[in-house]
Amino acid sequence: MITSLARAVGVTRRYGATVALDDVDLDVPAGTITGLLGPNGAGKSTLLNLLVGLRRPDSGRVELFGGSPLDAVNRRRLGMTPQETGLPSTLRVGEVLDFVGRHYPDPVRVGELLARFGLTGLERRQTGGLSGGQRRRLAVALAFVGRPSLVVLDEPTTGLDVEARRGLWDGIRAFHADGGTVLLTSHYLEEVEQLAQRVVVIGDGRVLADGNIAQIRGMVSLSRVTLRSPGLPDLPGVTRCERDGDRYDLHTPDADQLVRDLVHSGTPFSELQVRPTSLEEAFLTLTVPPTRSHEHPDSRTHPDSPHTHPDPHTRITRLARTDTPTRGEEGVRR
Amino acid sequence: MTSTAGLALTHARFLLLENLRVPIAVLSAALFPALSLLFFVVPFDYADDPAAAATAVAQLAVFGVMSSSLFTFGVGVADDREKSWDPYLRTLPAPVWPRIVGRLLTGFVFGVIAVVPVLAIGAIATSATATGAQLLAGVAALLVAGMPFLLGGLAIGYSMSVKAALPVTQLVFFPVAFGGGLLLPPALFPGWLQALSPALPSRGARDLVVWAAVGTPPSTVALVAFAGWTVLTGALAGWAYRRDQGRRFH
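Protein chains in written order, with this note's numbering: chain A, 193 to 526; chain B, 400 to 649.
If you're looking for bench data, these hints aren't it; they were derived computationally from the structure.
Please read all numbers here as calculations on a predicted model, not as lab measurements.
Even for Gly, the Cβ is constructed at its ideal location relative to N, Cα and C.
It cannot be assumed that every hint is accurate.
Label pairs and their in silico Cβ distance ranges [claimed, not checked]:
hint : chain 1 : residue 1 : chain 2 : residue 2 : range
1    : B       : R420      : A       : G371      : 36 to 44 angstroms
2    : B       : W638      : A       : Y207      : 53 to 61 angstroms
3    : B       : A626      : A       : E315      : 15 to 23 angstroms
4    : A       : R301      : B       : W638      : 39 to 47 angstroms
5    : B       : A634      : A       : A307      : 32 to 40 angstroms
6    : B       : L415      : A       : P468      : 50 to 58 angstroms
7    : A       : R206      : B       : G405      : 35 to 43 angstroms
8    : A       : Y207      : B       : G405      : 31 to 39 angstroms
9    : B       : T403      : A       : A307      : 52 to 60 angstroms
10   : A       : E304      : B       : R420      : 43 to 51 angstroms
11   : A       : R301      : B       : L542      : 35 to 43 angstroms
The whole structure should be built from the sequences, with the hints applied where relevant.
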């Protein structure tokens with residue numbers, strides 16, 4: 193029995209001189225919702241393209257339903273969304289659903305899909321005449337036409353309003369409740385938090401972390417504390433510290449505790465500011481360990497070097513430790 | 400699962416639907432060769448000479464096949480490649496070739512759309528006549544005659560962006576069509592063009608169809624050149640296709 197519906201093992205992919213993916217491992221077990229989280233350009237889409245057979249890895253191995261995704265047979269239980277801007281503009285909504293359905297042995301009826309994705313009444317509308325949100329819903333509906341077991345969604349709700357986004361989330365949850373497996377990408381932590389049990393953080397073409405929501409939130413929900421001071425003592429819980437003259441820029445999962453420690457230390461300071469870090473800033477903390485200076489950019493092309501390839505699991509442990517119960521869950525929330 | 404041959408038909412059907420809903424594309428494919436016949440042949444003397452009229456009809460039929468091949472494959476494929484729909488279709492459980500066959504069938508239908516009005520006007524408004532056998536031979540010759548343009552269109556479509564494919568197709572199309580004698584019979588050309596004409600793929604294509612439908616023997620040089628062009632454009636199309644696949648899907 194196959195327990196892993198999609199798998200990447202030691203996959204590296206370059207585009208010319210750019211390394212898009214660097215020795216990446218990913219496993220998508222049946223019945224899970226896995227969120228790929230990362231800033232734009234992190235390599236999420238490249239990884240999806242490899243998994244669905246649109247691209248080939250330069251090295252490493254990719255499996256879909258236990259075989260090669262380049263084999264059409266192995267894509268029978270896969271559902272994917274097109275980019276909604278690419279829908280053939282002169283075809284009608286019903287025709288697009290019908291056309292895609294003809295590639296599958298037992299497609300879902302068009303009427304049922306229309307109802308499920310809030311497209312009832314639009315069957316005879318040409319896709320070029322749909323609103324952006326309607327087009328997005330049609331694109332997502334296409335992933336479900338063939339009764340898939342694995343659905344791959346690339347940024348499913350970007351550009352949707354709050355209501356449409358929640359509707360789509362409900363749809364994904366219902367699919368999962370029926371035993372479906374989902375792999376989705378997002379650059380919103382909130383979206384991944386709402387849907388996924390498991391989060392894989394990708395940055396700079398590498399898997400930076402792979403864990404459950406609580407672990408990842410501890411890693412990426414950081415606060416940024418800036419202040420001026422003639423000199424700071426060693427403060428616990430600082431994951432990243434930058435100094436420019438008397439200006440300090442500190443990242444921490446628990447800003448309250450940091451400020452408390454700062455006051456207790458008696459160090460003079462001024463212009464204290466606390467604000468949540470953006471996901472991008474948090475990723476920077478993950479990419480550049482606080483104890484080490486910037487990597488030489490060239491070292492990225494040597495994936496085997498242990499210095500350039502920190503084990504994600506040890507990093508989770510290190511960062512998760514700062515998320516101790518004494519500080520409470522609230523302390524790390526943005 | 401639908402058989403893969405059935406899938407090719409499905410792709411052809413929806414590609415046709417997609418294209419037929421752009422009325423201007425259909426009209427320009429259908430009208431241009433027919434209007435050329437109406438304006439440049441019908442009003443003149445040689446429309447009354449059965450052989451000359453049949454030759455003119457054959458030439459314009461080649462013209463229609465040439466334009467529909469170059470445009471559906473040159474511009475159409477380039478357009479397809481720029482849309483994210485094409486990569487999406489590759490994630491469906493089907494091999495690549497039903498899409499390609501579907502596109503070939505679409506080009507074939509557009510060829511029919513271009514040729515039928517020419518034949519109709521030729522039959523009604525000129526003295527051109529053809530037996531069933533001549534007509535059949537002519538249509539078969541048209542299929543062969545379209546090859547270098549089909550392949551050349553694919554070479555353009557797989558190697559260029561829409562922005563480049565459109566002007567390149569237009570630039571290639573008209574002089575080659577004219578020089579090959581698709582608009583005026585080559586006998587009316589000035590000497591230098593008469594010398595150049597057999598080297599063009601359109602001349603061999605014309606000679607083939609005129610030979611099949613009217614019986615005028617073709618120029619050997621033109622036929623050899625035509626075969627050469629077919630091989631060359633085939634090689635170019637294969638190269639462009641592989642290069643494009645390598646860039647987008649490797």
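In ascending order, which of the hints set out earlier in this document are inconsistent with the structure?
2, 3, 5, 9 and 10
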